[in-house]
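A.B. asks: Chains as they are written, first to last, in the working numbering: chain A, 1 to 386; chain B, 1 to 386.
By construction, these hints were calculated from the structure, which means they are not laboratory data. Note that the structure is a prediction, hence the values are computed from the model and not measured. Hints may contain errors.
Copies of the same chain look alike in the list, so a pair counts if it fits in one copy or across any two.
Result set (DSSO-like, lysine-lysine): computed pairs, CA atoms no more than 30 Å apart in a straight line [claimed, not checked]:
no., residue 1, residue 2
1, Lys259, Lys12
2, Lys113, Lys10
3, Lys35, Lys61
4, Lys9, Lys84
5, Lys7, Lys259
6, Lys145, Lys76
7, Lys12, Lys60
8, Lys61, Lys84
9, Lys191, Lys7
10, Lys259, Lys5
There are 2 protein chains.
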Amino acid sequence: MNTIKTKIKKLKEVSGSHSPSIATLINDIPQLEIKVDACFLSNPYATDLFMGHLEEDLIKKNRLRDVLEFYPPQNKDISAILSKSLQVNPENIFVGNGAIEVIQAVLHRFVKKKLCVILPTFSSYYEFANDETEVLYYHLHKENKFELDLFDYIKFVKDNAINNIVLINPNNPNGGYIPKEQFHTLIEELKHLDNIIIDESFIHFAYEDVDMFQVSNEELIQNYPNLVIVKSMSKDFGVAGLRAGYGIMASNKIEQLLKTGYLWNISGLTDYFFRLYSSREFQKQYDVVRKKYIMNTLMFLSEIRSVHSITVYPSKANFALVEIPEGFNSFDFTMDLLIDHGVYVRDCGDKVGLDGDFIRVASRTFEENLEIINAIKTVSQLALIN
Amino acid sequence: MNTIKTKIKKLKEVSGSHSPSIATLINDIPQLEIKVDACFLSNPYATDLFMGHLEEDLIKKNRLRDVLEFYPPQNKDISAILSKSLQVNPENIFVGNGAIEVIQAVLHRFVKKKLCVILPTFSSYYEFANDETEVLYYHLHKENKFELDLFDYIKFVKDNAINNIVLINPNNPNGGYIPKEQFHTLIEELKHLDNIIIDESFIHFAYEDVDMFQVSNEELIQNYPNLVIVKSMSKDFGVAGLRAGYGIMASNKIEQLLKTGYLWNISGLTDYFFRLYSSREFQKQYDVVRKKYIMNTLMFLSEIRSVHSITVYPSKANFALVEIPEGFNSFDFTMDLLIDHGVYVRDCGDKVGLDGDFIRVASRTFEENLEIINAIKTVSQLALIN
Numbered sequence: 001m002n003t004i005k006t007k008i009k010k011l012k013e014v015s016g017s018h019s020p021s022i023a024t025l026i027n028d029i030p031q032l033e034i035k036v037d038a039c040f041l042s043n044p045y046a047t048d049l050f051m052g053h054l055e056e057d058l059i060k061k062n063r064l065r066d067v068l069e070f071y072p073p074q075n076k077d078i079s080a081i082l083s084k085s086l087q088v089n090p091e092n093i094f095v096g097n098g099a100i101e102v103i104q105a106v107l108h109r110f111v112k113k114k115l116c117v118i119l120p121t122f123s124s125y126y127e128f129a130n131d132e133t134e135v136l137y138y139h140l141h142k143e144n145k146f147e148l149d150l151f152d153y154i155k156f157v158k159d160n161a162i163n164n165i166v167l168i169n170p171n172n173p174n175g176g177y178i179p180k181e182q183f184h185t186l187i188e189e190l191k192h193l194d195n196i197i198i199d200e201s202f203i204h205f206a207y208e209d210v211d212m213f214q215v216s217n218e219e220l221i222q223n224y225p226n227l228v229i230v231k232s233m234s235k236d237f238g239v240a241g242l243r244a245g246y247g248i249m250a251s252n253k254i255e256q257l258l259k260t261g262y263l264w265n266i267s268g269l270t271d272y273f274f275r276l277y278s279s280r281e282f283q284k285q286y287d288v289v290r291k292k293y294i295m296n297t298l299m300f301l302s303e304i305r306s307v308h309s310i311t312v313y314p315s316k317a318n319f320a321l322v323e324i325p326e327g328f329n330s331f332d333f334t335m336d337l338l339i340d341h342g343v344y345v346r347d348c349g350d351k352v353g354l355d356g357d358f359i360r361v362a363s364r365t366f367e368e369n370l371e372i373i374n375a376i377k378t379v380s381q382l383a384l385i386n
Numbered sequence: 001m002n003t004i005k006t007k008i009k010k011l012k013e014v015s016g017s018h019s020p021s022i023a024t025l026i027n028d029i030p031q032l033e034i035k036v037d038a039c040f041l042s043n044p045y046a047t048d049l050f051m052g053h054l055e056e057d058l059i060k061k062n063r064l065r066d067v068l069e070f071y072p073p074q075n076k077d078i079s080a081i082l083s084k085s086l087q088v089n090p091e092n093i094f095v096g097n098g099a100i101e102v103i104q105a106v107l108h109r110f111v112k113k114k115l116c117v118i119l120p121t122f123s124s125y126y127e128f129a130n131d132e133t134e135v136l137y138y139h140l141h142k143e144n145k146f147e148l149d150l151f152d153y154i155k156f157v158k159d160n161a162i163n164n165i166v167l168i169n170p171n172n173p174n175g176g177y178i179p180k181e182q183f184h185t186l187i188e189e190l191k192h193l194d195n196i197i198i199d200e201s202f203i204h205f206a207y208e209d210v211d212m213f214q215v216s217n218e219e220l221i222q223n224y225p226n227l228v229i230v231k232s233m234s235k236d237f238g239v240a241g242l243r244a245g246y247g248i249m250a251s252n253k254i255e256q257l258l259k260t261g262y263l264w265n266i267s268g269l270t271d272y273f274f275r276l277y278s279s280r281e282f283q284k285q286y287d288v289v290r291k292k293y294i295m296n297t298l299m300f301l302s303e304i305r306s307v308h309s310i311t312v313y314p315s316k317a318n319f320a321l322v323e324i325p326e327g328f329n330s331f332d333f334t335m336d337l338l339i340d341h342g343v344y345v346r347d348c349g350d351k352v353g354l355d356g357d358f359i360r361v362a363s364r365t366f367e368e369n370l371e372i373i374n375a376i377k378t379v380s381q382l383a384l385i386n
């Protein structure tokens, strides 16, 4: 058992500030039996839906070769397709080889001087900053349940003469959410900044009413040209291997990007995905599984909160930040879940800005969530006994 | 028929300096019957080989979802895999979302001051240059059959105090080839430059002996740290929709790139492709179809040279630059091939540095090549009668 732990520690060290992928784990440690990947933040019901369409459209009709063999359409052609479903002008849509390509492009090309990053957050937002950028950190506090104090944050940005900010909404790794009304106050107050980068990669899992209508702030690009909305599709659809994402931003930024690059950055399969995603029929089917998954996640979060001796922080995303029992180390806790129960969660021991021992647990299918909860219950109890 | 011509003209206008893809053509002009895509520069036998493996490994074993759902390995993990088949250190391999991503990264991050580009060439090499770069053009001449005069070229670079050069070997669109010995002279003479960018995307189709051993200059990175070799896999394998390419360069360049980006730029399917490509068994199978295709291309080039009234320029790639009968316009010639014969070739009317009317014709399967030759014969004859 200790050899597995040592191997995983090594894999973790070479993965930088990200977890080793499940493929890497399975490949390098074949004796490991992973039953639930609660590290991966996606809606598995949407993956089922997408794979079903792909099977019908490409495999059964023998059309897979077509999307692999030939050059995919250019970036702007895919923006035009996506425009239909997003109800945003195609000139404001930049399609990316995963959201991370959009993040990289924006940070490298448009962000200069100061960038305010919230901690804890997705590490690429400070790791990808270029040499011309000074990163300033605004800390979320455990005492405030890691929730953003909007006015204190706005004051921090103004007091420090910050000209670029980035926020993930809902935030990763805690799931804290800025509702639409507050969001509007924020961008109105920070109209003068060069870039307001908002990562909405988890927003399909948020809701503001009982009908769970899909929330988005994308339409605000019309009135706030400094807004940059980054959107990954890996979370909503569990298609991280596809590499699909996009950015909503001022048209002059997109013109600059396309002038000297990003010609064929989208694969044929991702092009197929975006076409499917833009069809009205698929949107209807997707909305059903999106709501089903939100319901499932609500039940999951409610159950996990009932586990004795752990603390679960407020989340409107498809995961929860969990503080484990005192005296227990997050790496050991993660290893016990993995080795004894086959449940892989994110050890947040390396997350900058998290003071204490935390893990991040993703909501999966209903059945998998039961496994996750049972595993966490058992490991927490053992932790208390030892 | 004229409406089709007008539609294609429009599609061409919005495609910039690249041809509209066959998917775009089929989508926008459904009445068009395309029998042979002689615009697309790939080995169709290798596509068959790859698709066969993919069918066995992913479709039949129901493993396609695995490569689409989960995060792919990070850039450096894929370099390590590729290293085995390339016999280059992993620290010198940068894996790209298509060769074009490597081109963009190198031009944006490492090229400053002057860049010498050969004309005619692949347009992205000057279009992607950043604002800090002055592009100087070295012209190939029809009178010299578009072949590179090595010593004149070296003199041009030195006389103009040029610090970066880019060459495609074999060159696109004419197929001119710099043999290994001359190549060595070139990089030795230009040791002092900041970057010698060599695009070897068509080098699997070149040969220097009767056994058609695979040529490459990748190993020279050990002794020439200013060398950057760019390699697309879209041509050898006809997998342009996959987006797969790589660059061989000094390790400090790759460290700089990975420090602030390119974390998950490879899709799960491309990762599968690179793993397959790196296996010894696949390499053996690939070498058979590579040689078969070279033989096929040699026959094709020999046949096409026999067509009266056209001029075919020397090529060691899988295509030929063809000058069409005098008085005939390259767009009309291309349209006659497409509309009357279903053969789609590249109209070079927009290629900067080509003085006259040219088309570029790709070699396809043996059967398709017969169709191409017959079509060109017929259209050329009609051109002479009219």
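A.B. asks: Find the hints from earlier in the document that the structure breaks and name them by number, from lowest to highest.
C.D. replies: The structure breaks hints 2, 6, 7, 9; every other hint is satisfied.
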